[in-house]
Amino acid sequence: MCGIAGKVHTDRTRPVEGSLLRRMTAALAHRGPDDEQFYVENGVGLGIRRLAIIDLQGGRQPMTNEDKSLWVVFNGEIYNFPELRRRLLAAGHVLSTRSDTEVILHLYEDLGIGCLAELRGMFAIALWDAPRERLVLARDRLGKKPLVYAGLPEGLAFASELGALLADPSVRREIDPEALDAYLRCQSIPSPRTIYTGVRKLPPAHALVWEKGAARVERYWSFRFGPKTAAPAPEIRERIRDLLDESVRLRLESDVPLGVLLSGGIDSTAVAALVARHLDRPVQTFSVGFEETGVSELPEARRMAARIGALHHEAVVKLDVAEVLPLLARHYGEPFADKSAVPTYCVTRMAGRALKVVLSGDGGDEAFAGYPRYLPSQMHLLTGWIPAAARRRLAEPALRGALSLRSGRLRGRLFRRWLEAMAPPAKSLLFPEFFPGYRLASLYHERIRRAVDAAWDEEILRRWRGLPADLDDLDAALALDYGLYLPETLLAKMDIASMANSLEVRSPFLDHVLLEYAATIPGGLKVAGGIGKAVLRDAVADLLPPEILHGPKRGFSAPVGAWLRGPLRTYAEDLLLLGPRGLPEFFRPEAVRALWEAHQAGRKNHAMRLWTLLVFEVWFRTWMDGGGTGDSHVA
Numbered sequence: 000m001c002g003i004a005g006k007v008h009t010d011r012t013r014p015v016e017g018s019l020l021r022r023m024t025a026a027l028a029h030r031g032p033d034d035e036q037f038y039v040e041n042g043v044g045l046g047i048r049r050l051a052i053i054d055l056q057g058g059r060q061p062m063t064n065e066d067k068s069l070w071v072v073f074n075g076e077i078y079n080f081p082e083l084r085r086r087l088l089a090a091g092h093v094l095s096t097r098s099d100t101e102v103i104l105h106l107y108e109d110l111g112i113g114c115l116a117e118l119r120g121m122f123a124i125a126l127w128d129a130p131r132e133r134l135v136l137a138r139d140r141l142g143k144k145p146l147v148y149a150g151l152p153e154g155l156a157f158a159s160e161l162g163a164l165l166a167d168p169s170v171r172r173e174i175d176p177e178a179l180d181a182y183l184r185c186q187s188i189p190s191p192r193t194i195y196t197g198v199r200k201l202p203p204a205h206a207l208v209w210e211k212g213a214a215r216v217e218r219y220w221s222f223r224f225g226p227k228t229a230a231p232a233p234e235i236r237e238r239i240r241d242l243l244d245e246s247v248r249l250r251l252e253s254d255v256p257l258g259v260l261l262s263g264g265i266d267s268t269a270v271a272a273l274v275a276r277h278l279d280r281p282v283q284t285f286s287v288g289f290e291e292t293g294v295s296e297l298p299e300a301r302r303m304a305a306r307i308g309a310l311h312h313e314a315v316v317k318l319d320v321a322e323v324l325p326l327l328a329r330h331y332g333e334p335f336a337d338k339s340a341v342p343t344y345c346v347t348r349m350a351g352r353a354l355k356v357v358l359s360g361d362g363g364d365e366a367f368a369g370y371p372r373y374l375p376s377q378m379h380l381l382t383g384w385i386p387a388a389a390r391r392r393l394a395e396p397a398l399r400g401a402l403s404l405r406s407g408r409l410r411g412r413l414f415r416r417w418l419e420a421m422a423p424p425a426k427s428l429l430f431p432e433f434f435p436g437y438r439l440a441s442l443y444h445e446r447i448r449r450a451v452d453a454a455w456d457e458e459i460l461r462r463w464r465g466l467p468a469d470l471d472d473l474d475a476a477l478a479l480d481y482g483l484y485l486p487e488t489l490l491a492k493m494d495i496a497s498m499a500n501s502l503e504v505r506s507p508f509l510d511h512v513l514l515e516y517a518a519t520i521p522g523g524l525k526v527a528g529g530i531g532k533a534v535l536r537d538a539v540a541d542l543l544p545p546e547i548l549h550g551p552k553r554g555f556s557a558p559v560g561a562w563l564r565g566p567l568r569t570y571a572e573d574l575l576l577l578g579p580r581g582l583p584e585f586f587r588p589e590a591v592r593a594l595w596e597a598h599q600a601g602r603k604n605h606a607m608r609l610w611t612l613l614v615f616e617v618w619f620r621t622w623m624d625g626g627g628t629g630d631s632h633v634a
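Read left to right, the sequence shown gives residues 0 to 634 (numbering that gives the first Met the number 0).
Simulated from the structure, these hints should not be mistaken for lab results. Some hints here could point you the wrong way.
Under the rule of at most 27 Å between Cα atoms (straight-line distance), these lysine-lysine pairs were calculated in the DSS-like manner [unchecked claim]: (1) Lys-227 - Lys-67; (2) Lys-552 - Lys-603; (3) Lys-317 - Lys-552.
What follows is a set of in silico ranges between Cβ atoms, one per label pair, in the way DEER data are often shown [said to hold, decoys possible]: (4) Arg-568 - Tyr-219: 46 to 56 Å; (5) Leu-374 - Arg-464: 16 to 26 Å; (6) Glu-82 - Leu-310: 24 to 34 Å.
Backbone N, C-alpha and C fix where the C-beta goes; we use that ideal spot for every residue, glycine too.
Go ahead and model the full structure; you've got the sequences and the hints to work with.
This is the structure:
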């Protein structure tokens, strides 16, 4: 696992400054504390900070091929590289290391960009093809590894994180109002946007090809829900178990020790149990909880660790949130308000002090329909007889209304009831929307409201209309989550929080082979008897104790409401009301105050809205105020 950065100039006689590359990679030191290397030649510069995990000596980057025509820097892990390596050797390639990086180079020699389809794993790749004067950037299918870039007058710059890209003074720091609007809606900024105008995220499953000053972005893989398998349920359960076990086994390839992030839920406990079966030593597990009642899963995690004979580490978080927020702002590089980023940072910090690699249970809910929003509502039971495609067409006016509503909470509730009845998948688009249209209309300054107009509404409608007509409601909801919540919130949160602590996180449930099979499983096996992940529960039943197998879903979260009324109150009040620096440029102070007062008086629960605004203010002070070096200006 690594952090990569680089720049290419249209004028090949103009050198990329080594000092610039060093500034960029210095901003990525947490992603790769083990090594720092560069390639600079003829208007091209590649840099890397390496976290050495596989082939500790031979895997150094940037790496080149025999004639030095190709150079690559790579962040991630290719889990099927041993198989690919054997294939390349049989075809006559000469390989001098045991690293997955070298496999990428030689696959590209044979297949060009088509090599991406052969890779099973997580990756962000930058490859310089000197004979063609071509830079190829690529990101893995689901978006586990981040990659951002900026087209500049002199060429193109890229990096693993925004903070490294912003080390280039050519990259402008101008806030994109439409990206800000998207952030307020769903607490993160979906690709390809970033908070900065002119800076883009490469979307998952895409490659960017830059040649002689021109760039094109193209998709190399699409997730599809194919025909449903007619196999009997026992055979499906066995196939799930085999694929999950294979996925875990592949992710145990490492030249350094590894462990498991253990939450106490079904997904991470199943992963931990399978890891324990493959290792010849006790697996290390890591869990965190909060003192507030109902948030901690520590007892379940503790029991599971004892069941598999793990060396268990746990902590009850008593952190100073006011101290952690600026750290998170510095690493994310843009506003990111998913509240579970705090416990995720805490548990990965604990694990990162002991290990370089852990496995997690991320992806189980998306693969096997574990979220409550996947369950049909009572309203939908009245309309389920109407074909899904017809209901989605009838629901679009309600979806448009629910998104663009500028006033009237009653009308908003009516629109949402209509959506519950006609199109349950819409919940996957609207569930994170903590600021509905009517609240944003009263929160924004008029010039900001005009600037954002209906951009987010149109983005959501574009995703809605892009659903294949033959998908049933459950597959449509899953497809929307694969395209929005999973990459833009869940995976972004985990990568940045873990790599801030120099920790690689591997997710067996996000293996694309497993996901493609899960997409063929009938929805009635995933959601059965009002319970999500039913078929997965059956597939791993022998691994888990009954209290975990049949326990309620709690999620991995943080007690934001209690923080804002307790230990975080003075800090938040100072930043939101008494001395804000970024908020007044975009939001009406009296509207922010009204949210605060209603929440503190207990009249309304505005915890997540206030948290979202607080995270924005902390980010603004960290990156935009006082020079924006990424150093905290929070006082």
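How the hints compare with the structure:
With a C-alpha separation of about 47 Å, the suggested pair Lys-227 and Lys-67 falls outside the 27 Å cut-off, and the hint is violated. Simply put, Lys-552 and Lys-603 have alpha-carbon atoms about 25 Å apart, close enough for the 27 Å limit, and the pair holds. As the CA atoms of Lys-317 and Lys-552 are separated by approximately 24 Å, the hinted pair is consistent with the 27 Å bound. In this structure the hint that Arg-568 and Tyr-219 lie 46 to 56 Å apart at CB holds, the actual value being about 49 Å.
The hinted window of 16 to 26 Å between Leu-374 and Arg-464 holds, with their beta carbons roughly 25 Å apart. For the pair Glu-82 and Leu-310, the beta carbons lie near 31 Å from each other, so the given range of 24 to 34 Å is met.
When the structure is compared with the earlier hints, a violation turns up for hint 1 alone.
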